[in-house]
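J.: Given only the sequences and the hints, what does the whole structure look like? Please build it.
Single-letter residue listing:
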Amino acid sequence: MTPPRTGASLCRLRALGVRYAGAAHPALGPIDFDIAAGERLAIIGESGSGKSTLARAIAGLLPAGAELTGTLDWPAAGRRPTPGRDLGYVFQDPGQSLNPVLTIGEQVAEGARHHLGLSGRAARAHAADLLTQVHLPDPGRLLAAYPHQISGGQRQRVAIAAAIAAGPAILIADEVTSALDTTVQAAIVALLDALTRDRGMTLIFVTHDMALAAQLAGRIAVMGAGRLVEAGRAGDILQRPISTEARRLLNAHIDLDTPPLIGEAAP
Amino acid sequence: MNAALLEVAGLTKTFHSGGRRVAALDDVSLTLAPGETLGLVGASGCGKSTLARVLVRLVAPDGGSIRFRGANWLSLEGAPLRRARRHLQMVFQDPLAAFNPRATVAGVLTDPLRIHALAPRAGWPDEVAQLLTRVGLPPDHAGRSILDLSGGQRQRVAIARALALKPDLIVLDEAVSALDVAVRARILELLVDLQRASGLAYIFISHDLAAVRAVSHRIAVMEGGRIVENGPAAQVVRAPESAAARALVAAVPHLARERTG
Numbered sequence: 001m002t003p004p005r006t007g008a009s010l011c012r013l014r015a016l017g018v019r020y021a022g023a024a025h026p027a028l029g030p031i032d033f034d035i036a037a038g039e040r041l042a043i044i045g046e047s048g049s050g051k052s053t054l055a056r057a058i059a060g061l062l063p064a065g066a067e068l069t070g071t072l073d074w075p076a077a078g079r080r081p082t083p084g085r086d087l088g089y090v091f092q093d094p095g096q097s098l099n100p101v102l103t104i105g106e107q108v109a110e111g112a113r114h115h116l117g118l119s120g121r122a123a124r125a126h127a128a129d130l131l132t133q134v135h136l137p138d139p140g141r142l143l144a145a146y147p148h149q150i151s152g153g154q155r156q157r158v159a160i161a162a163a164i165a166a167g168p169a170i171l172i173a174d175e176v177t178s179a180l181d182t183t184v185q186a187a188i189v190a191l192l193d194a195l196t197r198d199r200g201m202t203l204i205f206v207t208h209d210m211a212l213a214a215q216l217a218g219r220i221a222v223m224g225a226g227r228l229v230e231a232g233r234a235g236d237i238l239q240r241p242i243s244t245e246a247r248r249l250l251n252a253h254i255d256l257d258t259p260p261l262i263g264e265a266a267p
Numbered sequence: 001m002n003a004a005l006l007e008v009a010g011l012t013k014t015f016h017s018g019g020r021r022v023a024a025l026d027d028v029s030l031t032l033a034p035g036e037t038l039g040l041v042g043a044s045g046c047g048k049s050t051l052a053r054v055l056v057r058l059v060a061p062d063g064g065s066i067r068f069r070g071a072n073w074l075s076l077e078g079a080p081l082r083r084a085r086r087h088l089q090m091v092f093q094d095p096l097a098a099f100n101p102r103a104t105v106a107g108v109l110t111d112p113l114r115i116h117a118l119a120p121r122a123g124w125p126d127e128v129a130q131l132l133t134r135v136g137l138p139p140d141h142a143g144r145s146i147l148d149l150s151g152g153q154r155q156r157v158a159i160a161r162a163l164a165l166k167p168d169l170i171v172l173d174e175a176v177s178a179l180d181v182a183v184r185a186r187i188l189e190l191l192v193d194l195q196r197a198s199g200l201a202y203i204f205i206s207h208d209l210a211a212v213r214a215v216s217h218r219i220a221v222m223e224g225g226r227i228v229e230n231g232p233a234a235q236v237v238r239a240p241e242s243a244a245a246r247a248l249v250a251a252v253p254h255l256a257r258e259r260t261g
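These protein sequence lines map, in sequence, to chains A and B. Note that UniProt numbering numbers the first sequence so that position 1 is 1, with each residue one more than the last. Note that UniProt numbering numbers the second sequence so that position 128 is 128, with each residue one more than the last.
Hints were generated in silico from the structure; no laboratory data involved. Errors might be hidden in some of the hints.
Partial selection, computed: residues in chain B whose CB lies under 8 Å from chain A [stated by the list, open to error]:
1. Ala214
2. Val228
3. Val249
4. Val252
Okay, the calculated beta carbon distance ranges per label pair [as the list claims (entries may be wrong)]:
5. A:Leu116 / B:Gly151: 51 to 57 Å
6. A:Arg247 / B:Gln235: 29 to 35 Å
7. A:Leu61 / B:Leu118: 47 to 53 Å
8. A:Gln239 / B:Ser198: 35 to 41 Å
9. B:Gly199 / A:Arg247: 32 to 38 Å
10. B:Ala119 / A:Asp236: 52 to 58 Å
11. A:His25 / B:Gln235: 49 to 55 Å
12. B:Thr14 / A:Gly218: 47 to 53 Å
13. A:Ala64 / B:Gln235: 53 to 59 Å
14. B:Ser145 / A:Asp236: 42 to 48 Å
15. B:Ser198 / A:Arg247: 30 to 36 Å
16. B:Gly151 / A:Ser151: 20 to 26 Å
17. B:Arg83 / A:Gln239: 40 to 46 Å
18. A:Gln239 / B:Gly231: 33 to 39 Å
Over the 12 Å line for every Cβ pair with chain B, so calculated as not near, a few chain A residues [said to hold, decoys possible]:
19. Asp34
20. Ala66
21. Thr71
22. Asp86
23. His115
In this text, a Cβ means the ideal position worked out from N, Cα and C, and glycines have one as well.
T.: Here it is as structure tokens:
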């Protein structure tokens, strides 16, 4: 996929709905929404709001048997993006998304070999280069290591390297920091921010954390009970949230400026 | 009357992993007053969960002492230890892993009553209904399977199970870390309400300094098995002294109501 013009409609959703196999009710929809090429979009919502289903529908990664209604078009490219080549996807738990019996080198090189047609040797060099770009130490040694030999934060860096290996124009990050410590989370968010900015990628960042959403994205889409309940500029949603879902997420947010729930004095 | 509920002095614990020696606890000392919450914060691998497991006697320390309710907590064995455990309960990160998946809510909550013979069998349904009400769940949830509850509801049941024994101290190990933002906020409020009502003490363990700050009177910061900073919560957050505390403060996602970028 050639990198589309910034601002052109990358993905157009019309009355999009998803029903999982055997489910009585749709998990998602109907959703009408446009994603612009090159934009940084956060999809936010509580558990069960449909945010991951929406991200997976966009990526074409719904499980077998899931029924899609409505339309999902790609006007800028004129065809569906190929997962791995045009679109990279990073999952919540790299302990599950990485293959435990393949080396890190094999997993990061696989995308490059398959989609870019690189030789084994060239793909391996490319993988080492990618591991450097996600700031992993000693890439040469890491290529031969297995996922269980590194920490959770390092595994997520490997998953990001694998997702961008074929140089996709779109990156979907689905709750990628939820399983990580706050300090590691901050580092992964900074990495995603820099990587996608440097490459002019479209970033779709799925989260339940308003602060992370606003930090990374220019626009926020708020989900509730399978519907898109609000979408707008990140600053507007923080300052003037309209939907009860956005208000609830903002009210529930705790940071170091939040008044503590207990009195200051020890008992 | 202000005698410490818990006094920990010089705890050490070393694990051996693949020929490496890892000092999970390195001369850890702390005290806790009745009705107080001590927040224990640190990055993965700092030793905070090992400390929790040593405190509840799941792991034996290599050295050091623990006094709990005025007695030598580490010298208790057998039946006296089992009886004394009711005063010190624990809530884990993943409530699904902490329950028998085939249990019902009522089953989970009557186990402690039966084991510690705290109430006659005829009184169990009332006791279960009261416990559910205290943690903000409808009493008719008693008959439900643990699997039919949401993550937040399960964590409420885990707290109710700990409360069933009327403990003096609950150790909460990453008890809100797996929960959604909105659910997390409600569980934190519940913990504070329960403390106000019954005067129980908490050790609240988390990597999330913002959650720790919300519920703790004092905060202890751990790094490499040591407590590197320990002080009133407001002071640790406002003027962190150790590098570990400064890193944790910097990592908290801040909700900028007006974007500067």
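J.: Does each hint hold? Answer for all of them.
T.: Verification of the supplied hints:
| no. | hint | verdict |
| --- | --- | --- |
| 1 | Ala214 | holds (5 Å) |
| 2 | Val228 | violated (14 Å) |
| 3 | Val249 | holds (7 Å) |
| 4 | Val252 | holds (5 Å) |
| 5 | A:Leu116 / B:Gly151: 51 to 57 Å | violated (41 Å) |
| 6 | A:Arg247 / B:Gln235: 29 to 35 Å | holds (32 Å) |
| 7 | A:Leu61 / B:Leu118: 47 to 53 Å | holds (50 Å) |
| 8 | A:Gln239 / B:Ser198: 35 to 41 Å | holds (40 Å) |
| 9 | B:Gly199 / A:Arg247: 32 to 38 Å | holds (34 Å) |
| 10 | B:Ala119 / A:Asp236: 52 to 58 Å | holds (55 Å) |
| 11 | A:His25 / B:Gln235: 49 to 55 Å | holds (51 Å) |
| 12 | B:Thr14 / A:Gly218: 47 to 53 Å | holds (49 Å) |
| 13 | A:Ala64 / B:Gln235: 53 to 59 Å | holds (55 Å) |
| 14 | B:Ser145 / A:Asp236: 42 to 48 Å | holds (43 Å) |
| 15 | B:Ser198 / A:Arg247: 30 to 36 Å | holds (32 Å) |
| 16 | B:Gly151 / A:Ser151: 20 to 26 Å | holds (25 Å) |
| 17 | B:Arg83 / A:Gln239: 40 to 46 Å | violated (56 Å) |
| 18 | A:Gln239 / B:Gly231: 33 to 39 Å | holds (35 Å) |
| 19 | Asp34 | holds (22 Å) |
| 20 | Ala66 | holds (22 Å) |
| 21 | Thr71 | holds (31 Å) |
| 22 | Asp86 | holds (28 Å) |
| 23 | His115 | holds (33 Å) |
Of the hints listed earlier, those the structure fails to meet are numbers 2, 5 and 17, in rising order.
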